[in-house]
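Peer 1: All chains, full assembly: derive it from the sequences and hints.
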Amino acid sequence: MGSEWLLLLPSLLLAALLAPVACRRLGWSAGYVFAAGALLVTGVVAAGWAAVIEHGPSVVGVPWMPALGLDYALRLDGLGLFFAFLIGGVGTAVFAYAAGYMRGAARCGRFYSSLGVFFAAMLGIALADNLLLLFVFWELTSFASFLLIGFDHEDESARAAATQALLITAAGGLALLAGVLLVAEAGGSYSLSALMRQGDAIRAHAYYPAATLLLLTGAFTKSAQFPFHFWLPNAMAAPTPVSAYLHSAAMVKAGIFLLLRLAPLLGGTALWQGVTGWAGLATAITGAVMALGQTDSKRMVAYATVSALGVLVMLAAQAHDARYAQAAALFLAAHALYKGALFMLAGSLAHVTGTRELTRWSGLRRTAPALAVAGAIVAASMAAVPPAFSFIAKEEMLAAYLSGPGQDAFVVAVLFASGCYVAVAAAVAVRPFAGPIAAAGEPGHRLPAALIAAPLTLAVAGVAPAFWAEALAPWFASTAVAAQGAAPPQLALWHGVNAELGLSALSVAFGALLFAMLPAMRRLGVKAGPLAAYGPAAAYRWGVGALLASARQLTQGLQNGRLTSYLYVFFVALLAACVIPVWNAIPLIGSGQESISPRFYEVLLALFIALAAFSVPAAASPFAAVAALGMVGYGVAIAFVLFGAPDLAMTQFLIETLMIVLFVLVFFRMKDARTPSRPGKVLGLLAGMGVGVLMAGLALLTQGHAHQRPVADYFTERSLSAAHGRNIVNVILVDFRAADTLGEITVLGLAAIGVRALLAFKAKPGDRA
Amino acid sequence: MKSLILQTASRVMLPLLLFFAIFLLLRGHHLPGGGFSGALVASSAYMLFAIAHGREAALARLRTDPQRLIGAGLCVVLAAGLAGVAADLPFLTGLWLSMELPWGRLDVGTPLLFDAGVFLAVTGVALSILLSLLEA
Chain A
1 MGSEWLLLLP SLLLAALLAP VACRRLGWSA GYVFAAGALL VTGVVAAGWA AVIEHGPSVV
61 GVPWMPALGL DYALRLDGLG LFFAFLIGGV GTAVFAYAAG YMRGAARCGR FYSSLGVFFA
121 AMLGIALADN LLLLFVFWEL TSFASFLLIG FDHEDESARA AATQALLITA AGGLALLAGV
181 LLVAEAGGSY SLSALMRQGD AIRAHAYYPA ATLLLLTGAF TKSAQFPFHF WLPNAMAAPT
241 PVSAYLHSAA MVKAGIFLLL RLAPLLGGTA LWQGVTGWAG LATAITGAVM ALGQTDSKRM
301 VAYATVSALG VLVMLAAQAH DARYAQAAAL FLAAHALYKG ALFMLAGSLA HVTGTRELTR
361 WSGLRRTAPA LAVAGAIVAA SMAAVPPAFS FIAKEEMLAA YLSGPGQDAF VVAVLFASGC
421 YVAVAAAVAV RPFAGPIAAA GEPGHRLPAA LIAAPLTLAV AGVAPAFWAE ALAPWFASTA
481 VAAQGAAPPQ LALWHGVNAE LGLSALSVAF GALLFAMLPA MRRLGVKAGP LAAYGPAAAY
541 RWGVGALLAS ARQLTQGLQN GRLTSYLYVF FVALLAACVI PVWNAIPLIG SGQESISPRF
601 YEVLLALFIA LAAFSVPAAA SPFAAVAALG MVGYGVAIAF VLFGAPDLAM TQFLIETLMI
661 VLFVLVFFRM KDARTPSRPG KVLGLLAGMG VGVLMAGLAL LTQGHAHQRP VADYFTERSL
721 SAAHGRNIVN VILVDFRAAD TLGEITVLGL AAIGVRALLA FKAKPGDRA
Chain B
1 MKSLILQTAS RVMLPLLLFF AIFLLLRGHH LPGGGFSGAL VASSAYMLFA IAHGREAALA
61 RLRTDPQRLI GAGLCVVLAA GLAGVAADLP FLTGLWLSME LPWGRLDVGT PLLFDAGVFL
121 AVTGVALSIL LSLLEA
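Order-wise, the sequence lines are chains A and B.
Letter 753 of the first sequence, counting from 1, is numbered 753 in the working numbering, and no numbers are missing.
Letter 36 of the second sequence, counting from 1, is numbered 36 in the working numbering, and no numbers are missing.
If you're looking for bench data, these hints aren't it; they were derived computationally from the structure.
Each residue gets a CB set at the ideal place from its N, CA and C atoms; glycine is no exception.
Any given hint might turn out to be false.
[Unchecked claim] Chain B stretches covered by chain A per the calculated footprint, using a threshold of three residues with CB under 8 Å from any CB of chain A:
id, segment
1, 6–20
2, 92–99
3, 123–130
Peer 2: Below, the structure written as structure tokens:
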């Protein structure tokens, strides 16, 4: 097993990105080219699988981001290659089907690109050894699914369904990442191969429960388990090829695959078995029941898929045991094949009749006789009737459950679900062809060959392997190598008359009964409609709505366009951030310097400044407030004079004068400026005082706590000798720190230009001041 | 507001204040003063004139746009800085010329040019903002 496997995924991604080029040449028929490519990939995977059966699993990889622990490492073993084989095989049929189904639609390049990226990403999930790499591909499939569900993006329901699927699977992805991080911490590595040897250590670790629950959440959201199941029926807004691939055969199976992969690490404990088992059971029952009440063909099949995923999750609960692991692999394969075929069949029938409603499909055996054959085969497969491969899968499932004690609930669930599948199969794949010829459909509308060939091929593929069951046994056994115990060594169509056969017959009979009661079920479904207001879907809608509403309120509150509220937010945040450090440091105030003995005129000056400052909010008009503000400035300038800073004092006097002029001009322009109300003034006073006290406190704190020799000494020494100047302040400005001054006048220039630009926009009447 | 006293006074004060501004600029290196203070005095001079006679009259006396002053100031500052580069020294190094005059030694250097650039730029900034606000 060489490192040529590392080239597989990058080349597939590259091909996917080049799809638009192919579309420009061939249009939708490029799908046949991609189908050929997918077939090639499937062949390569099969060859690899055969090699693994002979030589055992192997890992190939190169480091990618060692600092993060992310390696581009692939694990080539039975389970991974089996899943990859399935992805490739069904993908081939889907590409060919899409070439026929989508003809005439727009955005061909984008469709095949997204589908190609999805194809590559699914293979990445199947083959990844590094858990972070798996997470990257996991999210990539969510993203591709978003693009594909929302492909018909002018349709609002498609957009909503795509967003819903993305939000749920991406939230699950986040949980997955958290779980991966915890597991890697517990097991000491991100590599699955290494972690599989650490199973006992991981299960005993303190992080185990949290990691398990997070990883299970990730798997459950992807595989539409209860209560996250509602995104799957809504995803039927996607074109049929997408539904047939993503939402029956590939993407939703990723969660199951993850569970099978993780079972050797995390499985076998009460937590795993309990949560997984009961979640699967709930999903299986819910999906089956809801499928019966549907009249839309695609939604019916979607709910049946949800139920089947539930059954798979039930099996995964025990997947540390090889019997269950193999049974899961068998059912996974069988289901992928017949469900994909069923979706394609439904799509072809919808194409012919122009509607998805089952009640309007009747007597179609005349319009599409080949499809009728496909329908019969698919129905046999879904009903798990011999000689379908799914019959073998079901027998193995029941055998595994019957081999241990206390599994009665699960056995009943499997039988109930199987019965419902029989009913669904009859309703979607048999009933439309039988019965009187209905008026729906355009006579003479010829189905493209692909719309018949693809479902027929998949249907046959779901049956044919049963005849070679014995030869296939080692292949399926290799998928369960990591599990404990031994998988049953023989797969056969006929094991003799035993308990499993009896139970199967029972479920088929039950299914026939359900089919007969289908109209009553549908009426019940309509009556139970209002209950959906309490379901998980409603909870999702409420949650998203609440999130958007609160975001809107927050934005409107904080970004309301008024300068005063921005300033308040700023000041309050500043005070909140500084209050604790300053409080802790209060004892230090004044500790670093000699005692202060103020002269009387300094006290007078301080009182003058304080008086002027308090007059500002108390002023009757804006102009009076400006005058008071000017007084404060002049007071500060006098303070500069008293303390021997003539340059500062001069600048302060001049600036204050110009500021008064500026404020007067501003208030003159703001004709409707009002002085704030009483509460507004008090609030402003408090905020101002708070910040003032904070600044004074900081100034007092930093006095006398110089850590280094003051810079002033450096400048004093060199001002005359090196810079030929006695005015140290000026020398600093134009010589020592000339670069700073350059920056400052640049900023001033920009501010002036900004002010001019703002003033050039004349406010229209009605704008807020 | 057209006050006759203010109009007459400002007509006289303008050149006087401009002289004072340049005086402040030139003495800045050894005594309180410098480019910023000089610029503010110059801006006050023009603002006084503008309040008395109106914006257009003040701009006419200024003879250019305040924005051009900003640009000119920045160019002068850059020139002062690049003078050092011409002498193979780092940007903004001060170059000094020492001249022996009858009444003593006179040192002339690029920091004075720098300060003059600051003077022009800050005058331009202040006048740009204030005169825009005067635009009724």
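Peer 1: Now tell me, hint by hint, if it's right for this structure.
Peer 2: Status of the hints after comparison with the structure:
For the segment 6–20 of chain B, the stated coverage by chain A is violated: 0 residues have a C-beta nearer than 8 Å to a C-beta of that chain, whereas at least 3 were required. Here the segment 92–99 of chain B counts 3 residues with a CB under 8 Å from a CB of chain A, which clears the bar of 3, and the coverage holds. Coverage of the segment 123–130 of chain B by chain A holds in this model, with 6 residues showing a Cβ closer than 8 Å to a Cβ of that chain against a need of three.
Checked against the numbered hints listed earlier, the structure breaks hint 1 alone; every other hint is satisfied.
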